[in-house]
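A.B. asks: Residue numbers (the working numbering), protein chains in the order written: chain A, 1 to 633; chain B, 1 to 257; chain C, 1 to 504; chain D, 1 to 303.
Some hints could be false.
[Stated by the list, open to error] Cβ-to-Cβ under 7 Å is the rule here; a few derived chain B residues that face chain D:
| no. | residue |
| --- | --- |
| 1 | G128 |
| 2 | V153 |
| 3 | D156 |
| 4 | D197 |
Since the hints were made in silico from the structure, they are not lab data. Note that beta-carbon positions come from the ideal geometry of N, C-alpha and C, so glycine has one too.
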Amino acid sequence: MRISFILATMISAAMAALSIAWSVPVLVNGQAASFAYGPLVFAIDPLTAFMVVLINIGVLLGMVYGISYLRPYASKSFMEALVHAVAMVTLHGSMLAVTMMRDMVSLLIMWEIMSMSSFLLVLFEGEKARTRRVALSYFIQMHIGAFFLLLATMVLAGQTGSYTFEAMGLFYAQKPAWMLFLPLFLGFGMKAGFLPLHTWLPHAHPAAPSHVSGVMSGVMIKLGIYGILRTILFMHGDQSMLGVAILSVGIITGLYAILQAIVRNDLKRLLAYSSVENIGLLGISIGMAVLGTSIHNDVIATLGWTAVLLHMVHHMLFKVVLFQSAGNIYVATHTRNLNELGGLMRRMPKTITVFVLGALAICGLPPLNGFVSEFLMYAASIEGMKNSGAYFSIVNFFVLITLCLIGGLAIIAFTKAIGVGMLGEPRTEPARHATERSWFMRLPQQIAIGIMIVMAIVPQLMIASISAVIRSFSPNSDIVLASLMPTMTSLGIFNASLVGAVVVVLALRKIATRNAQRREGPTWGCGFTEADARLQYTSTTYADSTVQLISPVVRVHAHMHALNDADVFPHARTYTTDVVDVIEESTIQPPIAGINYALRRLAVFHTGSMRTYILYAFVFIIAIAVVTIMGVI
Amino acid sequence: MFESIKIWKQQGGQTIPDVTAVTLPEIFRGRPTIKAEACVSGCTACIDVCPVAAITQSASSTISLDLGACVFCGECADACPTEKIAFTNDYKTATSTREALIMREGDVGPVVFDADAVRKEIAAYFGGSLKLRQVSAAGCNSCELELNACGNVNFDMGRFGIEFVASPRHADGIVITGPISLNMSAANDICYDAVPDPRIVILSGACAITGGIFQRSTELQRAFVERHHIDLYVPGCPPHPLTFINGVLQLIRTRKS
Amino acid sequence: MLSFSNLDVISLDAIPVLSYGTFLTTVLDHMKANDARHCVNYMGYRLPNGDLECFCVLADDSTSQLFVARYHLAASGTMALPSLSAHYRAFHIFERVLWENHGVQFTDHPWLKPVRYPHDAAHGATIDSYPFFRIEGGEVHEVGVGPIHAGVIKPGHFRFQCTGEDVVHLEIKLGYQHRGIERLMVHPSTMLQRTVLAESIAGDTTIGHTWAFVNAMQALMRGTVSDAVEIERAIALELERIAIHIGDLSALNLDVAYQLGSAVLGALRTPMINFFQWWCGNRFGKGLLRVGQNRSSLTPALQDQLVETLDDMERRYRPIADTMFELPSVLARFERTGIVTTEQAHIIGAVGMAARSSGLRRDVRRSHPHGVYRAEDVQTHVLHSGDVMARTYLRKLEIDASITYIRILLDRLRTASRDNGTLEDRPVRELAPRSMVVSMVEGWRGELVHTSITDEHGALVHHSVKDPSMHNWFALALSLRGNEISDFPICNKSYDLSYCGHDL
Amino acid sequence: MISIALILLSSVFFIGIVNRTKSIASGRIGPGLLQHLKDIVRLLKKGSVTSTSSSFIFQLAPTISFVTVIVACLFLPFGDQPSILSFQYDVVVFAYLLALGRFSMILMAMDTASPFEGMGANREALYGMLVEPAFFVLAGSFAVLTGHTSLNEIFRDMHLGSGVSYLMAAFAVYVFLQIAMVENSRLPVDDPKTHLELTMVHEVIILDNSGFDLGMILATTSIRFAMFGVLISNFALPPMVPLWGKIIIAIVVMAVFAVVVGLLESFRARNRMKRNPQFIFTLTSIAILVFFTVLILTNKLVL
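Using the sequences and the hints, build the whole thing.
C.D. replies: See the structure below:
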């Protein structure tokens, strides 16, 4: 069955080669190019070229990983395997196509194909009722997003008589920006996962197989950001209110999502929330950049756009690394529950080391690439505090506080994931018997880590290579970038020398301790003679002190029959918790429950058979196309 | 705040300036002496009265007293018809060898501290800084209280860089108090194993050195004491803080010539 | 049940042997009759023919009465019995010891777990295996502390079931200190060996345990000591109380990192125990109490020195005690931390300080007075909040009360007779045959109970020691429920229970 | 250059002065000024015991933590004397270096599979997260005040003039002092003296470290403390004073800092663990006060 997937990978590789070949010159020259195939026009400007590179790297890493990840699923029927492979290629192609479309109608159609192919990918383990439920919820929510995009298209076409992107510029010049931007932001933001539209993401990403989760979290949500960037590209004039609005959504998204990540016990769920958090960071950066552009502060604008673009690539890389390592852990232990893991560092050191590096990067810590983009965000906010009036100072002051809170909370979330799930002693038998995965399953992550290291050491080259994209957002960016380059060069050298310093000190340590006697022994447990893996912090309890600070934003329901005063000798008790995403519970769950109820009544649609779902997907793609074109006309 | 300063002033310096030159009250039962004179013939009063069998009579009918077992109850001195045995107020009884704890007839001088028995790495590593992990191996709490007192304002052992620490990983040795019960022996081993090299072992109190009053108990497991080199014996029931501090200071400041 | 009082020597034959069924209903009826009754001891020993003879002693605090009942279990008969603990939780520890030492299976015992792990325990378990209560589900983490604690403290193991920083449940496992004291007591020994052994039951309660022991022996010898000796012993006991209470106040300050309090109070303990050194040559009063006599008496010179020491101590102690109980940062740690309700204290049968800080008036000096205490001039304080603050503040009140009481005793000592005892000339005599005596002394922790039983030759066949900690350890466990784990040290220190007194 | 030399020099005495102060405040003689150094030297010579539960992270973390603090020191200027490393926005680098050190120490603690160390790691992560905003708000405020974004330039151009600005500097110094107390796990957040596993933050994290690594950790702690000392003394270095004068001022300020730490630890009790977040929040709010003062000083905010 893997044959079909290998074949798919080869097709994808070809697509990647072709699209990159088209894109690189665009990035280098800053000149847009376009190719027409009949009525279909594929246009490549610097932003598209940038997205093309990002998508291709992410998808290829995912597909190479998928080849070996799929090995345990040999029992899948040929049909299912074929659908999976085709959906993967379709996803890749549609994502590339989305970035190349230049009018809302064709974008919407490509968007629908992208959604549907990812829906089929989520359905891969459709034999599990839970996966089917999650996929269905994903399906519904994606169409809520599509509906907003459709609405935006209609607004655009209704007001300007055209649905090309150029018409957006026309619209923004004449009408209040929010009338068009709001539906667009809701539609694209749903894909990206901005609050409160994120609710599908923490379910869909973990439910998909790990190679797909990486692609979805690392790449596909960036298409949402792409959509927002694309429309901002056509904005003019003072959009500072809009900037503040995006920024505020970003702040709320980032803080809320990282808090959710802290309380999650499911490793992939934690990673999914961390993706939402990074979308929040991107939102903050976009907001700052829009603000900077609006007040004609080129420094803030340039720093902001650079941070946005770099962080998109960075996040793609470490999210692929993290999801794939999580996939390796899942294959080795068959659980994603951190409370059932532990002790993996001694059993599968190479996988876990990669995970730790990924976590280091996603927490924005030096010396990895995550630090570079967070550095730019901080720089933008400090500039914002410094350079403008009180209002902007205070707005940026909130950004600054948010950035460092998110940074600190991310450290809690990822030290929890690593500390509880991978270090210490194994908590269950499966974790005890986990073994290292093959080199081929680790290869894509190592490649990604390699790219990350390069990006951390020579950030100035990375920025230079996307300067054309930055220029398209902020025309005067070249001057700012020129003055920023020495700092970025220093930062790169700093990153490299930090590693160097650690190596030097390690060497000195080795020399200094060569004569000292070293022994091994059990961890000091106060002389207690029965070691027990229960004597370790669990994922739930590690998060507890944070939860107590922030409830009721994050609600953890504990279930235990309480001990009362007279219960001197208590009877057996069980303690379990479940975490509620407050926003999900109050916004999306009631309608979804209603739809589910309706679907149960119409059981005929809900067959559980792959073919039916594929049929639905086609029906919807056609429906969307028809409705769009009808609506526009 | 003013109240605190008043208290602080009233408190003043409480520390014993020189721990090596304190005179304890006469009644304090420190190092015993046994005069070198013949006993009343056939008299075994001291041997009979001793609750811990610390007093033995050799073939030549000279008696010796083992400070390692002695609980310093003083009953032998009372029982002796000729006042041959007497307890002095000398508290410097800690020593590096087991042999030096045996008081023989005619021993009137201080307890011998054998410098040659001190391992040479002790002074090299711990001369100015020594962290100890205490193991209460079924001690009755009087030794523990006295070891705690070593660190209080009065005795202030910390000024010599000697401190008790929480983790044996941070420690340079263990101080055992109590007769080492069967139930504590495994924990005691674990604790010793957790101390990085080089490490020392100190036995504090009669119980730790010989089992003391619990010698005959079936609930002890004293293999540890036989298996390992003991660096310092601190006799007493319990040892006076000054005994302990002086013993440790002697141990870490002895440099073999 | 046979009614008697503290230090009465009763003939074994006067105690009827009940069947277990009758025993159970009789004891339960007696417990039901009056709320002020609690179990002070319940123990058993093997008769020469292998049968098990068990005694249960109840105390009625309101009437100064003690009650005893006994039953026999044939070596060949069934060992599976219904338990008293099923009805009154406070019996749990005694029944566990009976199970551990003699294999009596209490079928409906709610907490039948090992206590001391003697080498020949009937349950066969070793110290490495203890059936801890655990909360299932994989989301609670456990914290195991001990047996080797961070400080210079005795060994015990504390197992916390935690959700983050909060403790759901604490279980305490002891037994590390088991040295076989009760066995050594009946091992062929001299009276001096037994006395030294009594001094070593718990070094911080040297005076208390030794007094309880010598009282039991003196009673069995049908002898008395002079009034002066009795008063000196009471002074020694109060000195011990002051010294430990001050030391504990210092330690409590250390645990909340209030350095001034810990340093000043720590230094104040020194003159108290140094006074013992001046009096008897040992800082803990070891070697002071002997059967029939005190090895060194409180001479007028020493009495003056004691007055001086107390005056000086009071002068330095008042300001720091006042400051400490006014300092917001200290009070914030003590107040409403580690609450044990009166109901809980009653259920577990708490005694001494632990009971008095939770609203139960339990003080042997008043409820079962012996010797000097018959004058009823000692003051007992009771606090009701049951938190760390109550236990800390109770210490301050008791220090004050003890200072006052020592002054009263010193006055009485000046006029007391030194030669009206009957044991002066010959301190060690034969013990009364086939007798039993219960000796209760209120140590600083609470009631110390030594129960001695002799055979027909006057030889000691059983000597049972009960430290108040046997009851009170459960109070510590309860005090942690719902508290922060970082408050454990102050909860623990506020009780300062004895490990070795429990483990023997 | 001067600051790193000063930091290394004063780190030798820093803990010593704190402990001397505490000894005197409790009426004892106490250990000498160099006791901490002796402890470290002994540990550097000693052997080690490593836990069988732990991985290479346990071995690596102390080194990383040490390097981060040393490198962070390289960013610190001394008055108008430039630091060794400096570039725009290096305040961010400074804070993130400390965060990296914290990250590695947390993982090291979790690596030992001990509940105590998990507890310490948990607390460290939480307090680290809470204390960061206070630092950044201050850094941002000074960036606004001076118009610069590197530590070097901020301290070079921090001309204090009016009474309000001194008040602001006083607040800032107070916040930095308390940040130093939190970062170095001192009272009232943590108590380095109790030696009780259940109540500590920093000491429990290192419960399983021994030998060279432990020595390095202790050295890191004292260097980090001295680093905050130099940071604070930078507020008291007016540009007109000659270099030797500045050095004297810095030494005096640091000595006072150490004495203040010692006194703070002598006359109050530590917080209840759950009150700590609240305490750290207070620091952030004072930092926010500084920020608004700066806005007024720079005429951004007109009341």
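A.B. asks: Each of the hints needs a verdict: does it hold here or not?
C.D. replies: Hints, one by one, checked against the model:
no., hint, result
1, G128, "holds (4 Å)"
2, V153, "holds (5 Å)"
3, D156, "holds (5 Å)"
4, D197, "holds (4 Å)"
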